[in-house]
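Visitor: In case you want the letters, here they are:
There are 4 protein chains.
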Amino acid sequence: MSFNTFGRVFRFTTWGESHGPAIGAVVDGCPPGIALSETDIQPWLDRRRPGTSRFTTQRREPDQVRILSGTFEGRTTGTPISLMIDNVDQRSKDYSDLAQAYRPGHADYAYDAKYGFRDHRGGGRSSARETASRVAAGAVARLVISGVRIRAWVEAIGGDAIDPAAFDDAQIDATPFFCPDPAAAARWEALVDAARKAGSSLGAVVACEAIGVPAGWGAPLYAKLDAELAAACMGINAVKGVEIGDGFAAAANSGEGNADAMRPGNDGPIFTTNHAGGIAGGIATGQPIRLRVAFKPTSSILTPVETVSPTGDAATIATKGRHDPCVGIRGVPVVEAMVALVLADQALLHRAQCGTGGGTGVAHGR
Amino acid sequence: MSFNTFGRVFRFTTWGESHGPAIGAVVDGCPPGIALSETDIQPWLDRRRPGTSRFTTQRREPDQVRILSGTFEGRTTGTPISLMIDNVDQRSKDYSDLAQAYRPGHADYAYDAKYGFRDHRGGGRSSARETASRVAAGAVARLVISGVRIRAWVEAIGGDAIDPAAFDDAQIDATPFFCPDPAAAARWEALVDAARKAGSSLGAVVACEAIGVPAGWGAPLYAKLDAELAAACMGINAVKGVEIGDGFAAAANSGEGNADAMRPGNDGPIFTTNHAGGIAGGIATGQPIRLRVAFKPTSSILTPVETVSPTGDAATIATKGRHDPCVGIRGVPVVEAMVALVLADQALLHRAQCGTGGGTGVAHGR
Amino acid sequence: MSFNTFGRVFRFTTWGESHGPAIGAVVDGCPPGIALSETDIQPWLDRRRPGTSRFTTQRREPDQVRILSGTFEGRTTGTPISLMIDNVDQRSKDYSDLAQAYRPGHADYAYDAKYGFRDHRGGGRSSARETASRVAAGAVARLVISGVRIRAWVEAIGGDAIDPAAFDDAQIDATPFFCPDPAAAARWEALVDAARKAGSSLGAVVACEAIGVPAGWGAPLYAKLDAELAAACMGINAVKGVEIGDGFAAAANSGEGNADAMRPGNDGPIFTTNHAGGIAGGIATGQPIRLRVAFKPTSSILTPVETVSPTGDAATIATKGRHDPCVGIRGVPVVEAMVALVLADQALLHRAQCGTGGGTGVAHGR
Amino acid sequence: MSFNTFGRVFRFTTWGESHGPAIGAVVDGCPPGIALSETDIQPWLDRRRPGTSRFTTQRREPDQVRILSGTFEGRTTGTPISLMIDNVDQRSKDYSDLAQAYRPGHADYAYDAKYGFRDHRGGGRSSARETASRVAAGAVARLVISGVRIRAWVEAIGGDAIDPAAFDDAQIDATPFFCPDPAAAARWEALVDAARKAGSSLGAVVACEAIGVPAGWGAPLYAKLDAELAAACMGINAVKGVEIGDGFAAAANSGEGNADAMRPGNDGPIFTTNHAGGIAGGIATGQPIRLRVAFKPTSSILTPVETVSPTGDAATIATKGRHDPCVGIRGVPVVEAMVALVLADQALLHRAQCGTGGGTGVAHGR
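Residue numbers (my numbering), protein chains in the order written: chain R, 4 to 369; chain H, 4 to 369; chain C, 4 to 369; chain F, 4 to 369.
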């Protein structure tokens with residue numbers, strides 16, 4: 004099946020292909036009365052926009068969002084918010100050879116196996132271009148949970164990691180890599196340039212933190228906060244792994260090494276550590292939510308790779324066109340958006356069942 | 004909110020607390036006409052059952068499942084299948100001190116923060132005992148996708164990993180650790196014994212493989228096969244990380260190093276490698292599905308840990324009782340069950356949209 | 004498919020066949036902290052119980068409900084509430100001939116057409132016995148919306164209607180017909196007795212009113228309060244029609260005749276009439292919710308009817324056994340339950356999106 | 004909450020207000036490979052379009068639909084189909100007084116009670132203009148179930164019904180009333196003209212029939228085919244009642260009078276009557292599906308009605324503007340669309356659970 008809707012009560016549905024006239028998202032279930040205009044959304048799209056440096060795809064898309072419904076006199080009305088972004092720089096000719104051979108690592112073969120045929124232009128629906136819709140929807144979600152601060156950054160590219168001791172929050176938006184460590188950013192410049200020039204690509208790890216999530220958000224047992232975050236992030240193009248808190252490192256630890264001890268505090272317990280990443284039993288503990296996401300290297304590379312054609316013949320493909328040498332970089336705003344969308348949904352779900360305990364800063368209308 | 008239902012068309016709902024009279028699952032959407040009796044379910048429960056070795060909890064539960072509805076003359080009717088497992092060995096007195104202090108790493112504090120109070124006996128609803136219901140439901144799912152073989156194993160305990168070269172499928176069920184490498188199993192015996200005697204616990208990595216999933220199963224974009232698997236596994240008690248295929252290793256790789264090249268084959272392309280873990284664009288490629296799951300060390304340890312009481316006072320807790328020294332071990336049948344449940348749902352979803360292409364071995368009634 | 008779950012955030016799942024060991028419901032999403040024990044549920048089941056007069060089936064079922072999970076120390080915990088009712092008086096032999104011929108008006112043929120075979124004993128899953136599970140779940144829903152008063156009654160049997168001028172609320176539970184008009188009840192006694200003795204059966208109209216629903220509950224556009232109520236009631240066994248407010252009479256009216264004029268009031272507008280049945284645009288207006296439900300005559304009759312066998316041969320069937328001569332009578336508590344279940348769900352949905360405006364009397368935990 | 008998505012696996016989401024720039028629908032879950040272009044959708048929209056006769060609103064909307072995604076080279080790809088219809092003739096000034104007083108019978112007060120404020124221009128989201136999106140989505144649904152023929156007609160206006168004996172299928176699209184009885188159409192012309200000139204409006208009954216639905220479609224117990232149809236139709240603007248088959252007339256009947264006897268046939272049983280309207284136990288029997296829908300008279304009338312303002316003051320309102328004197332007339336294509344949407348969903352759900360038995364004519368991709 005095709006399931007292009009995400010969320011339970013705060014929901015969004017995306018549509019659109021890489022080379023159609025436009026892409027978009029319909030956000031449903033948003034609380035009424037929130038101030039919302041295009042200027043609340045555009046800055047987040049600009050962070051994800053291609054072509055802002057030589058380290059991202061050179062496709063030129065202004066990614067201007069329009070709000071077509073769901074607001075009145077500058078405020079949300081509680082009805083569906085339709086967001087649309089025109090595709091401007093399609094250049095379908097760039098992709099004509101994609102009809103002739105499956106690109107390894109892409110969804111080309113899988114879509115054909117599922118649907119019998121596909122829109123091959125630029126990956127069609129499976130293109131990472133769809134993530135612009137998520138970022139637009141995520142901008143609305145942020146307004147619903149205005150008491151929560153969400154920020155993500157690149158933690159490693161091609162296996163070269165930042166130095167946690169050098170973490171500088173202010174650097175994240177100052178580099179073309181969303182990199183909080185200036186020394187790492189300098190190294191990555193050479194690393195990504197080399198990959199780009201070699202017609203190769205690199206994987207990356209993106210980390211994300213959400214501060215201000217009140218203890219209690221989350222939904223046992225089959226909409227656990229960590230499970231929903233895992234699905235939200237694993238569903239981003241090119242993602243192959245998700246960790247909450249210590250993640251795989253916890254699997255190598257002992258019970259006492261992994262325990263997050265508690266001490267009395269003025270506003271709930273104070274945790275001495277945060278191995279858990281802010282979630283226990285699928286429910287937020289009030290600590291910062293912490294997660295890490297693994298992006299594989301961009302599958303579209305100039306280096307020729309052995310493949311087959313839709314008719315089953317042997318072929319070789321070198322994917323020309325305008326691709327990100329490291330797709331994880333532009334994954335940063337997408338991870339943030341997906342985290343915001345999950346949290347907004349969980350905030351409303353919590354309020355549904357447990358009443359006014361939705362936490363400071365959760366929007367409501369009356 | 005509380006969401007105790009998993010799945011979209013093949014669904015299951017679980018209920019029950021660790022120390023109530025029983026636990027259970029209601030499986031809905033199952034195709035009709037499948038031969039099903041308790042003997043199809045019990046062996047999977049027996050693999051998960053506690054008390055089978057000194058490396059698991061000593062709680063004695065026969066975990067006998069009863070089918071209360073949904074079958075007639077030994078076959079599924081297409082109506083809900085109610086599965087019930089009585090709780091036999093509750094011993095509530097073991098847990099009376101859990102009312103007095105939050106166990107670090109457990110859901111105790113989070114449940115109180117969410118709901119205002121909780122059933123503290125043995126963790127109540129957040130106890131891993133609930134996973135027996137998943138295993139029972141998963142046994143039904145296996146029958147729906149009888150052409151798929153799912154097997155999981157423990158790949159590492161406390162950071163000590165198996166030697167992939169020594170992988171022996173036949174060993175998995177021969178050791179108390181679901182360990183495919185006899186030498187590792189021998190080492191783990193000492194390792195887990197030492198942790199148990201020290202009042203400590205150990206984390207583990209569980210790997211899982213599903214062979215025979217036809218190319219095409221999966222559901223772009225917000226029910227991607229990998230995203231659903233990630234949610235299904237991250238939602239298991241104590242899980243903190245999920246990888247599909249190479250997972251985080253892909254993030255340190257290059258595009259050409261990570262490419263799964265294809266060659267012509269008689270029945271679809273032959274892939275020369277499987278970095279992707281059998282999924283591209285959220286859709287199965289026909290290769291084996293491969294994933295890895297990180298279990299944290301059991302949070303219940305004898306070693307005293309600093310904590311607080313529900314009234315906010317400082318406390319120290321040493322969790323007595325009968326706990327698994329390494330909860331990842333009994334996670335093996337649970338991971339298999341969750342993978343089976345996701346695949347059965349996706350098989351039916353694929354058939355819904357794309358017609359007869361549901362793959363060989365998918366049950367249907369007429 | 005089989006969809007045995009109802010609701011969006013306050014949900015219930017039912018299971019069980021007429022002649023299996025038991026039936027049950029799992030209620031999920033209930034707010035925590037509500038006082039709940041079997042004594043809160045049993046009285047509603049007793050109202051629906053068969054065998055209480057000669058005007059209902061003579062099957063003897065005590066319909067004792069047990070709560071198997073979801074409460075602790077007498078209060079709901081926010082986790083799934085498993086309700087189970089044992090089947091006591093199955094007498095499968097009564098139904099052995101149902102395997103040989105399809106009962107006209109029953110689901111026998113349709114289930115076979117769908118699933119390829121069916122549990123024919125007493126109608127299996129399609130038996131009205133399943134409605135006991137709804138009544139049990141509905142009793143929990145009532146506690147969630149304790150500020151709302153829901154009551155239903157029989158308005159007509161076999162075309163013989165009550166006199167609205169004689170409406171006496173106190174009579175509803177005093178007659179075996181849930182009839183608010185004593186004169187009508189007296190007539191119905193003769194009417195139903197005659198039908199019973201003639202081996203016939205009669206249809207009925209059930210009316211229901213919910214008082215205290217605050218203006219604002221409801222969910223445009225595809226979970227409108229009236230649409231959800233229509234689905235909830237049309238899904239009850241034997242129901243063939245649903246009206247909100249004036250229903251079909253509105254279709255014969257003029258705009259000014261159907262207008263519910265408003266005047267200023269101290270607590271929202273005062274409506275001079277209630278043609279709309281308390282719902283406009285799918286949202287409650289604060290007036291009483293009013294609906295009417297048409298029950299067809301019981302299909303199981305002693306009068307022989309022409310039919311076919313599962314192998315397609317001509318047959319004649321006279322349905323012996325213990326059937327309600329007028330299934331609409333026992334429909335009264337079922338309609339009330341379904342209305343309660345819809346309203347509880349909508350109350351929580353409203354609170355999710357719009358914050359504290361969930362209305363007085365909606366349960367919450369903290 | 005706001006739920007603007009309908010359906011389970013074949014789903015659509017609508018967005019847009021009466022006086023925004025556009026309205027639209029996103030159709031998700033459509034089988035791949037179906038030939039689809041705007042010319043498959045436009046004729047259905049043209050049937051619903053306003054301004055085609057003096058008996059409908061004089062708002063001039065071309066209602067030109069554009070397909071923005073989900074097709075490639077003229078066929079559906081299995082990805083979301085985004086349909087957009089520009090609003091051309093908004094004339095917001097017509098509606099400026101709607102901000103000052105609640106229109107009785109409209110959703111004005113209810114939306115304010117729910118959301119705290121509303122887009123008052125032309126009813127905003129609650130305007131019947133939204134039904135154009137349903138008709139567009141329904142046109143896609145028809146292609147999915149191409150073996151089913153769905154047609155609706157007006158059966159009565161203001162209590163004046165057609166003569167069933169005069170039913171002429173060919174007349175339905177020949178009159179401005181979708182009326183199958185020419186004599187009734189002639190009477191209605193005078194009737195509706197009189198109402199229009201008097202500043203009044205009239206209610207109507209719309210009947211609908213779906214022929215070719217195979218026995219077996221439907222989903223017990225909480226997505227019963229009749230329950231889903233009831234919700235789908237009750238959710239249409241101005242609808243107050245829904246009947247399946249004989250509906251309320253069945254409630255006045257006896258068991259033998261209501262029985263649909265069966266005789267052996269070459270392709271399943273032959274039913275001698277169709278009191279049930281083609282559905283038993285929530286599952287199609289293979290007979291024609293028959294239902295009736297009650298539309299109230301248009302609430303917007305020139306006759307002044309007593310009301311209140313948003314600030315709670317007494318007011319009188321005479322709704323000027325361009326309104327349908329009988330909104331049920333244009334309800335005909337909307338009822339057809341909703342029936343098509345329910346059936347397409349149920350067709351795919353049936354195929355999901357029961358395999359190839361989806362019935363002749365259900366689209367699939369491979």
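Keep in mind that the hints were calculated from the coordinates and are not lab data.
We put the CB at the ideal spot given by N, CA and C, even for glycine.
Possibly wrong hints are sitting among the right ones.
Unchecked claim - Quick list of the computed label-pair ranges, beta carbon to beta carbon:
1) R:164 to H:171: 34 to 44 Å
2) H:164 to R:152: 44 to 54 Å
3) R:92 to F:89: 22 to 32 Å
4) R:91 to F:41: 36 to 46 Å
5) H:76 to R:102: 17 to 27 Å
6) R:42 to F:323: 28 to 38 Å
Claimed, not checked - Lysine to any residue pairs mimicking SDA-like chemistry, simulated, CA-CA at most 20 Å apart:
7) R:200 to H:200
8) C:323 to F:163
9) H:323 to R:257
10) C:200 to F:257
11) F:200 to F:257
12) R:323 to H:264
13) F:323 to C:323
14) H:200 to R:24
15) H:200 to H:40
16) C:200 to F:259
17) R:323 to R:50
Claimed, not checked - Listing some non-contacts, in silico: residues in chain H with all C-beta distances to chain C over 12 Å:
18) 32
19) 82
20) 84
21) 91
22) 154
23) 252
24) 271
25) 312
Visitor: Does each hint hold? Answer for all of them.
Guide: Taking the hints in turn, this is what the structure says about them:
In this structure the supplied range 34 to 44 Å holds for residue 164 of chain R paired with residue 171 of chain H, their Cβ-Cβ distance being about 35 Å. The hint said 44 to 54 Å for the Cβ distance between residue 164 of chain H and residue 152 of chain R, and at roughly 38 Å that hint is violated. Between residue 92 of chain R and residue 89 of chain F the CB atoms are about 24 Å apart, so this pair conforms to the stated range of 22 to 32 Å. Distance hint for residue 91 of chain R and residue 41 of chain F: a CB-CB separation of about 23 Å, inconsistent with the stated range 36 to 46 Å.
At roughly 52 Å, the beta carbons of residue 76 of chain H and residue 102 of chain R sit outside the given window of 17 to 27 Å. The hinted range of 28 to 38 Å is satisfied by residue 42 of chain R and residue 323 of chain F, whose Cβ atoms lie roughly 36 Å apart. Note on residue 200 of chain R and residue 200 of chain H: the hinted pairing is violated, with a Cα-Cα distance of about 57 Å set against a maximum of 20 Å. Annotation: proposed proximity of residue 323 of chain C to residue 163 of chain F is violated, straight-line Cα distance about 43 Å (limit 20 Å).
The suggested pairing of residue 323 of chain H with residue 257 of chain R holds, with an alpha-carbon distance near 17 Å, which does not exceed 20 Å. Restraint check for residue 200 of chain C and residue 257 of chain F: satisfied, since their Cα atoms lie roughly 13 Å apart, inside the 20 Å limit. Distance check on the hinted pair: residue 200 of chain F and residue 257 of chain F sit about 45 Å apart at the alpha-carbon level, beyond 20 Å; violated. Proposed proximity of residue 323 of chain R and residue 264 of chain H is supported: the alpha carbons are some 17 Å apart, at most 20 Å.
Taken as a hint, the residue 323 of chain F and residue 323 of chain C pair is broken in the structure, with Cα atoms around 62 Å apart against an allowance of 20 Å. Of the supplied pair hints, the one linking residue 200 of chain H and residue 24 of chain R is violated, its CA atoms being roughly 66 Å apart against a limit of 20 Å. Annotation: proposed proximity of residue 200 of chain H to residue 40 of chain H is violated, straight-line Cα distance about 41 Å (limit 20 Å). For the suggested pair residue 200 of chain C and residue 259 of chain F, the alpha carbons sit about 14 Å apart, so the restraint of at most 20 Å is met.
At most 20 Å may separate the alpha-carbon atoms for a hinted pair to count; residue 323 of chain R and residue 50 of chain R exceed this at roughly 25 Å. Non-interface call for residue 32 of chain H relative to chain C: violated, since the shortest CB-CB distance, roughly 5 Å, does not exceed 12 Å. For residue 82 of chain H, the requirement that its beta carbon stay farther than 12 Å from each beta carbon of chain C is not met, with the minimum near 4 Å. The Cβ of residue 84 of chain H does not lie farther than 12 Å from every Cβ of chain C; its closest approach is about 8 Å, which violates its non-interface assignment.
No Cβ of chain C comes within 12 Å of the Cβ of residue 91 of chain H; the nearest lies about 15 Å off, and the non-interface call holds. No beta-carbon of chain C comes within 12 Å of the beta-carbon of residue 154 of chain H; the shortest separation is about 29 Å. The non-interface label for residue 252 of chain H is consistent with chain C: the shortest C-beta to C-beta separation is roughly 38 Å, beyond 12 Å. No Cβ of chain C approaches the Cβ of residue 271 of chain H within 12 Å, the least distance being about 29 Å, so the stated non-interface status holds.
Remark: the non-interface label on residue 312 of chain H is consistent with the geometry, its nearest Cβ contact in chain C lying 18 Å away (cut-off 12 Å).
In this structure, the earlier hints numbered 2, 4, 5, 7, 8, 11, 13, 14, 15, 17, 18, 19, 20 are contradicted, and the remaining ones agree with it.
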